[in-house]
Amino acid sequence: MMNETVKVDRRDAKLALAHIYVAFIALALGGLAGLLQTLVRSGKFQLPAGISYYTILTTHGVLLGLVLTTFFIIGFQFAAVSRTSGTFSNRVRFWGWVGFWTMTIGTATTAFFILTGQASVLYTFYAPLQAHAGFYLGLTLVVVGSWISGFATFVHYARWKKEHPGKASPLLTFMAVTNMVLWLVCTLGVAATVLIQLLPWSLGIVDRVNVLVSRTLFWYFGHPLVYFWLLPAYMVWYAVIPKVIGGKIFSDSLARLAFILFLFFSIPVGFHHQLLEPGITPFWKYVQVVLTFMVVIPSLMTAFAMFATFEAYGRSKGATGLFGWLRKLPWGDARFFAPFVGMLFFIPAGAGGIINASHQMDQVVHNTIWVTGHFHLTVATTVVLTFFGAAYWLVPHLSGRVMTKAMNRLAIIQTVVWAVGMSFMSGSMHFAGLLGAPRRSAFSTYGNSPQALEWIPYQIAQAVGGTILFIGIILVLVIITNLAFFAPKGETEFPVAEAAEPQERAALAMDNWKLWIGITIALILIAYTVPFIDMIQNAPPGSKGYKLW
Amino acid sequence: MHMHKYEKIWLTFGIACLFVFLTVIGVSAFAEGKQPPSCLTTIDPEKVDQTPPFNKPGLVKTGDNEYQLNIVVSAFAFTPNQIEIPKGAKVTINVTSKDVIHGFEVAGTNINMMVEPGYINTITKTFNQTGEYTILCNEYCGAGHHMMTGRIKVVE
Ligand code: HEM
Ligand SMILES: [Cu+2]
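Heads up: the sequence lines are chains F and R, in that order. If you count by UniProt numbering, then the first sequence holds residues 1 to 549, one letter each, in order. If you count by UniProt numbering, then the second sequence holds residues 1 to 156, one letter each, in order.
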């Protein structure tokens, strides 16, 4: 077990921590916005000083959907790559810092234009609503910064491969590289719409914009975005949790295969966000629905691997009976408990996702608050609780401290608080959505419509859940601040599990990036070429910009 | 690559379910015609008021118990926004936007579609029950987004 003493180099640790700090600052501010939203939507509370609900909502979506996630992920992946493939060269670390500052300046720029009310366009910024050019510029910097960090990761990976000929890359490094490849390929879409369409248009260089093309480029990015959030959580599940509980990785090569399948099937699927739109034929919508559903396969592989790991561990500790192994799991360890609760929430979340991606059922729930309920299970519970669980060892590992028993207990409580708060909020969002309550809307009775009045009790339940969740945010901030600055000094392990049966040859075969990227591009071309050309050839007159807030 | 026997069973079962799902969706879409709104007709968003049928928005009888309902959507209104429909009528709803993207939802029904400038979108529905339904905008369109509303009354 030579792994146990391996530490992330202090200089790399600083880089990773810088990202994680920004992520948790975003959580604090974004969480406050979330609380205000639920209060406004309950109808019992109004924002002071004429602040617009939609300014708050834009802040929430950008800070939590884009900033918290991207910063935490890049910080975590830097740490994981440095831990498993060795300390960065000075050059790689330098570019890592360039990436960090580019993203941070971008975030600050975007935040300025949102908070001054010049960009209340929500985090999806659908044209022809037109934000101040600074908003688009800031987002561009965030994306460019993430690209720089992605390339720094690739350079480090290439060096490792060169120094270890004939060896498979370490699992966590392989997974981080897969996720950055996914990110690079998908952000090309959002970069294209921002740089070619929206930025020149908001600067007044061009008058009009093709709305459907812009949306399509956005959703080419928007769905893989959610897999970019999810894959780091899977990194923790596959490669860290087995070590935390004292077991082994069920299958190293199947884990790699699952990641590659996610790379293939998360991008050529954006139309499932556009199922109810004009301008796209039903045939191409269905093609992308079929591709969407293919992610079921790696998801089932992941579910199997997790529970097989848990069961194998429990049985090795003498568990008997069908479910006896459950009792052997370390329920009192927050590093396990928080991600495990996240996994449980992924079961209803995944079922909801299948509903959303099905043509006819999407008709019922599209753009209702059901959808918001759905992704507060996926990203705001499964992913976020896994990130919290990872932070409980990652932050003290990087800061050279240890988590005390008291903090561990607080982290268990935090997890329970989050689960309870989210069950209230997300549960009532799902129910209200089925009754037709729309998402992205301030409180309204729609002219005392009897239907809208029926939604109000659910909106009050959302506010109750939102308040509980906000307490959860305060708790996690207390814990993280403690682990970063106040906890006792000491050594904390960065847990990395070993495979039950190493399959070096199969794993090595997975380092075949030319093939994977080739297949990814081929699938994208199949899914998008014809409908995209149609869109451009049959385009209606473009739209000028509107500032309607 | 080695795969555990139970995992093979699990995946076979899962993938089989997946194909059943996809077949159900595909058959009901292509054989039964339950497709999502996907109209391909374009329109100049700045000339909506001059372009038929949106130059005279409202309910038009097109056949025996068949109607067309043409609605202009703009920030922040549906035109018209009070509509009476006879029970049992088969209504084809056409919508388009004069400015930004909106959503057209009739709460409590499957009527739900995106309204985008430059395109007409359309859906057909038979109203078999009397009652009152709320129309609302479910895609963010600006400060008055949550004020956009209307009513459909289905009457004897
Ligand atoms: C205190 C915890 C939270 C509360 C109370 C909360 C509440 C809400 C509410 C009420 C909405 C919908 C508002 C509307 O559609 O009108 C919303 C939207 C959203 N939330 Fe949260 N949320 C919380 C945490 C999170 C977290 C941790 C994430 C992401 C990691 C997140 C991501 C989002 C996103 C991306 C949206 C969509 C914004 C949009 O539609 O433009 N939320 N949240
Ligand atoms: Cu609207």
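Incorrect hints may have been included.
As the list claims (entries may be wrong) - DSSO-like cross-link-like pairs, simulated, lysine-lysine; straight-line CA separation at most 27 Å: (1) LYS514/F to LYS162/F; (2) LYS5/R to LYS317/F; (3) LYS328/F to LYS317/F; (4) LYS544/F to LYS14/F; (5) LYS5/R to LYS248/F; (6) LYS5/R to LYS544/F; (7) LYS98/R to LYS547/F; (8) LYS8/R to LYS317/F; (9) LYS243/F to LYS98/R; (10) LYS328/F to LYS14/F; (11) LYS34/R to LYS547/F; (12) LYS98/R to LYS61/R.
As the list claims (entries may be wrong) - Partial pick of chain F residues on the chain R-facing surface, computed with a CB cut under 8 Å: (13) ASN482; (14) LYS514; (15) GLY518.
Unchecked claim - Among the chain F residues that face chain R by a calculated CB cut under 10 Å, a handful are: (16) LEU29; (17) SER42; (18) GLN46; (19) TYR54; (20) HIS132; (21) ALA133; (22) LEU300; (23) MET301; (24) ARG327; (25) GLY332; (26) PHE336; (27) ASP362; (28) ALA437.
If you're looking for bench data, these hints aren't it; they were derived computationally from the structure. Keep in mind it's a predicted model, so treat the numbers as computed, not measured. Cβ coordinates follow ideal geometry from the N, Cα and C atoms, glycine included.
Do the hints match the structure? See the list:
no., hint, result
1, LYS514/F to LYS162/F, "holds, 16 Å"
2, LYS5/R to LYS317/F, "holds, 23 Å"
3, LYS328/F to LYS317/F, "holds, 7 Å"
4, LYS544/F to LYS14/F, "violated, 46 Å"
5, LYS5/R to LYS248/F, "holds, 18 Å"
6, LYS5/R to LYS544/F, "violated, 59 Å"
7, LYS98/R to LYS547/F, "holds, 14 Å"
8, LYS8/R to LYS317/F, "holds, 26 Å"
9, LYS243/F to LYS98/R, "violated, 58 Å"
10, LYS328/F to LYS14/F, "violated, 36 Å"
11, LYS34/R to LYS547/F, "violated, 36 Å"
12, LYS98/R to LYS61/R, "holds, 24 Å"
13, ASN482, "violated, 39 Å"
14, LYS514, "violated, 20 Å"
15, GLY518, "violated, 20 Å"
16, LEU29, "violated, 21 Å"
17, SER42, "violated, 14 Å"
18, GLN46, "violated, 13 Å"
19, TYR54, "holds, 7 Å"
20, HIS132, "violated, 15 Å"
21, ALA133, "violated, 18 Å"
22, LEU300, "holds, 4 Å"
23, MET301, "holds, 7 Å"
24, ARG327, "violated, 21 Å"
25, GLY332, "violated, 29 Å"
26, PHE336, "violated, 23 Å"
27, ASP362, "holds, 7 Å"
28, ALA437, "holds, 8 Å"
Comparing the model with each earlier hint shows violations of hints 4, 6, 9, 10, 11, 13, 14, 15, 16, 17, 18, 20, 21, 24, 25 and 26; every other hint is respected.
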